[in-house]
Amino acid sequence: MILVIDSLNKHEFPEILDDMFRLRGRVFGGRLGWEVEVTDGREIDAFDRLDPLYVIGLDEAGHVISCARALQTTGPHMLADVFSAILCGEPPLRSANLWESTRFCVDTERLSLGRGTVKGTVSHATCELMIGSLEYLRGCGITDIVTVIDPVMDRVLKRSNNAPYGYVGETVPMGKVPAMAALLDTGEERVERVRAFAGIEGSVFADATALARLKLREEVLATARAMQGEAATIAVLVDYLDAQLAAARTSHETEAVRLLARELAAAADGVAAAAATLLPEPPRLTGAAA
Amino acid sequence: MDLIDLGASPYSDGVFEDFLRQVCERLELDHAAYAGINPVSQTIHGFVTYPEAWKKHYAEKGFDRIDPTLEFAARSIAPVDWQRLATHPNFERVFSDAEDFGIGRMGMTIPVRGPYGDIGMLSVSARVGPERWKLQSEKVAADLQSVAVHLHDTVMRSDDLSRVLRHPQLSKRELEILQWTAAGKTQHDIGEILSISHRTVEVHLKSSREKLYALTTAQAVARAIALRLIYPL
Chain A
854 MILVIDSLNK
864 HEFPEILDDM
874 FRLRGRVFGG
884 RLGWEVEVTD
894 GREIDAFDRL
904 DPLYVIGLDE
914 AGHVISCARA
924 LQTTGPHMLA
934 DVFSAILCGE
944 PPLRSANLWE
954 STRFCVDTER
964 LSLGRGTVKG
974 TVSHATCELM
984 IGSLEYLRGC
994 GITDIVTVID
1004 PVMDRVLKRS
1014 NNAPYGYVGE
1024 TVPMGKVPAM
1034 AALLDTGEER
1044 VERVRAFAGI
1054 EGSVFADATA
1064 LARLKLREEV
1074 LATARAMQGE
1084 AATIAVLVDY
1094 LDAQLAAART
1104 SHETEAVRLL
1114 ARELAAAADG
1124 VAAAAATLLP
1134 EPPRLTGAAA
Chain B
45 MDLIDLGASP
55 YSDGVFEDFL
65 RQVCERLELD
75 HAAYAGINPV
85 SQTIHGFVTY
95 PEAWKKHYAE
105 KGFDRIDPTL
115 EFAARSIAPV
125 DWQRLATHPN
135 FERVFSDAED
145 FGIGRMGMTI
155 PVRGPYGDIG
165 MLSVSARVGP
175 ERWKLQSEKV
185 AADLQSVAVH
195 LHDTVMRSDD
205 LSRVLRHPQL
215 SKRELEILQW
225 TAAGKTQHDI
235 GEILSISHRT
245 VEVHLKSSRE
255 KLYALTTAQA
265 VARAIALRLI
275 YPL
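Line by line, the protein sequences are chains A and B. Position one of the first sequence corresponds to residue 854 (this note's numbering), numbered consecutively onward. Position one of the second sequence corresponds to residue 45 (this note's numbering), numbered consecutively onward.
Just so you know, the hints here were simulated from the structure itself, not pulled from any lab data. We put the CB at the ideal spot given by N, CA and C, even for glycine. Do not take every clue at face value.
What the hints assert, rightly or not - Taking beta-carbon pairs under 10 Å as the criterion, some of the chain A residues facing chain B (in silico):
| no. | residue |
| --- | --- |
| 1 | Val857 |
| 2 | Asp871 |
| 3 | Ala899 |
| 4 | Leu903 |
| 5 | Ala933 |
| 6 | Cys941 |
| 7 | Glu943 |
| 8 | Arg947 |
| 9 | Leu951 |
| 10 | Tyr989 |
| 11 | Asn1015 |
| 12 | Gly1019 |
| 13 | Gly1022 |
| 14 | Pro1026 |
| 15 | Met1027 |
| 16 | Gly1028 |
Only chain B is shown next, with the shape it has when bound in the complex (with noise of 0.2 Å):
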């Protein structure tokens, strides 16, 4: 997918939308959410893609406190898929009224857990039958895993101190593979290289790119030299 970099891009509400309206596009999907809680910095971020008028709506009606797709979200390592909450009231109460304002019922929360007890929700949804929704969550389900670990990681070192912290670290493995990278190498050379799978080799580089906060090898190899983690060739 091609999207905007986030983690070389300044922190600012704006950006994190235009991201999630990104995500949306590429994956055919009406709207996505994100909430996360960073326990180090005590602080609550929260990206919309929603009209203006359901926001508001929802926050008067106090929904926040009782939908049920951050509520149970919150507790599974799974993706949830709304349809197994459809039978809870609360869903019935807040989606009832999404409806009204163009929301759709399909739909799913990816939760991420990080590190330090932060937690972050990526919710997006769909005005699609159920059948459709079937067939389109699940080619979608492993981008938006990426997508969401991504977006829940920029978000949580946006102050300092939680920079400091979440300062990547790389296994001798993936610095080796990323040298190797950064000297012209494909992933089969590594793997001739290294005698190890190449696909042990794409592993590698897909922990290396999430640890660098990137999103392709080309960035993460320039983050890895810009942090002195590998050498320059």
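Isolated chain A, as found in the complex (with noise of 0.2 Å):
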């Protein structure tokens, strides 16, 4: 399911945000090998900072498999900057119906792991995410995108019925895999080519029921990952946690997850402050036996 994340919402899911900077670090960063800086495994860049408007696909359990960053081309973009040479220093396009999407990407670690059903294919995550992008910059009064993508990224297109009409400037090497910049309209016969290949129907776009469960994620992860004690503990909870709300079938189980949660936090806080009292300060070593 597809998930839009933009200033008005941000707020709403940092843990999601996070997932996706560490997806961009792996593949970014990684696989393509392309100049990114990459900090504590999380490609993070000055335009995340601009509050661009974030497409994230994400799995049943709500980690992030795909995403996709948009902005416009009125404002700083980076075909306008970083990607110059992509348009070999000629001004880029500039249209209030033009959009740039950029650091479009799809887990394929992830999904190469995973049941080898159609669902869970790389294919498949990318289509998502396509009829997602079109779908909702369409919405948004945007008829034309211009994606900076990667050789491999763009075959994934052409087989998948979604060709680029265009592209614009050349293919420039960008570190181990060479970049440019493709032009997709967000027209209907465009995303219905697309959900007949991938046989996707219906909405792709995260329900209230599963708004509901990603912010009560968030909730327990936050509450996880804000308690007391040894950092490599911590994360065994957080892992622990996710996976009891990944199984988790209804409300009450999704519920109960919760009330773990905030138990386990409430005890790690009593452990430490018990600790505190009862442990006096190692003794510390001065003047010439040190």
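Mind assembling these two chains? They're in different frames, but the hints should get you there.
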């Protein structure tokens, strides 16, 4: 399913955004070897600070499996600045109805380890993200997209009946693989072709039930991360609670995980408080003895 | 849309207000408002079609400081449908009053980000039900994006320094396509000549029009010739 995050709702989904920045770190910093800045495994650049619009693909458990970032071409965007090599120094296209899509990627590692069903494939995830991006942008009054992609993604688009109608500039080297700027329209015909290819019917966007579940997951994981204790222990607890949430089928079960997280946090705080009163400060070595 | 050509009009608040009224009429909206901040000239611009009484009330109550349709849209890149703000307490404060002045709650704000840190916001509203509004807003979104940028760009180049900064910068491809257009070739012809799809031709022409502050291709060609970017034929 697709979740759209922008300046209005980004405070509700810190866990998903962080997951997305880590996916970008693995893909652009790792697999594609682009010259991007990766800090703590997360790829975040200056354009992320401009409150762009993110279209994010999630698996059933709420993990990020694909993402793309949209910016206006009327203001600051990547083709005007960092990707100017693709345009051979020429000024970029600038139009109210044209947005730029960058950092388009799919988690090929997570998906290739998947169940092998059609739904877990790279192609399916790519198509779902494309449908979500095209439909959401069309709703914003955007008729065309210029997207910076690598030749592999270009082939994926062509194979899924979603071939770009044109390109701007040239294909230039960018790390381990080249990059290019492709043009796509957001028309209904294109979306229908992708839907037919991938066998995706109905809305791809997270509905009210899914949103409530995603918000609950954010709350549970935030509770766990705020716990007192060793970083490694907390990481294990976060993974455990996330796995419990993923396995939960009913709202009773998700509610039980929420309570468990709160109890664990309270217990951890209690242990930390008790430890502080019971354990004496370790002896300090002073003077010549040090 | 057949609208006032702002690119050729002398700068005056009256022209912009007339432009907004035309937009409302063409797109079946009740009201439109534009606010823009130009950090180069350090000026704030605002034009509205609202009745005088509402403008006065809005200013007296200091709604400009709390109006969520401005506050939240300023940070967004996508159009902000006011229904996303409806649960915000300040929305109720502003719009329960607005209703008394005949201003509807269904609306959206289209933010514009320009190249020099300039920000503009075009807000439109209508007194219709939520379902009708959903259909209507989907239908007019593309036109509103285009109108918002045209208006914003024109307002932002109203001082001399900004006009120099905003001198149109067209790519070789855009100029090539404009030159063939000036020679009377259709989009289809140009696509054949340059071996590119007609939609690629179209997206370049659209970009050229907007860079030249023109609403039609004919205006864009005329301006490109006047600026000696292409040759007259």
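Structure-based check of all given hints:
no., hint, in the structure
1, Val857, "8 Å, holds"
2, Asp871, "20 Å, violated"
3, Ala899, "13 Å, violated"
4, Leu903, "8 Å, holds"
5, Ala933, "8 Å, holds"
6, Cys941, "9 Å, holds"
7, Glu943, "4 Å, holds"
8, Arg947, "5 Å, holds"
9, Leu951, "6 Å, holds"
10, Tyr989, "8 Å, holds"
11, Asn1015, "14 Å, violated"
12, Gly1019, "3 Å, holds"
13, Gly1022, "9 Å, holds"
14, Pro1026, "21 Å, violated"
15, Met1027, "20 Å, violated"
16, Gly1028, "25 Å, violated"
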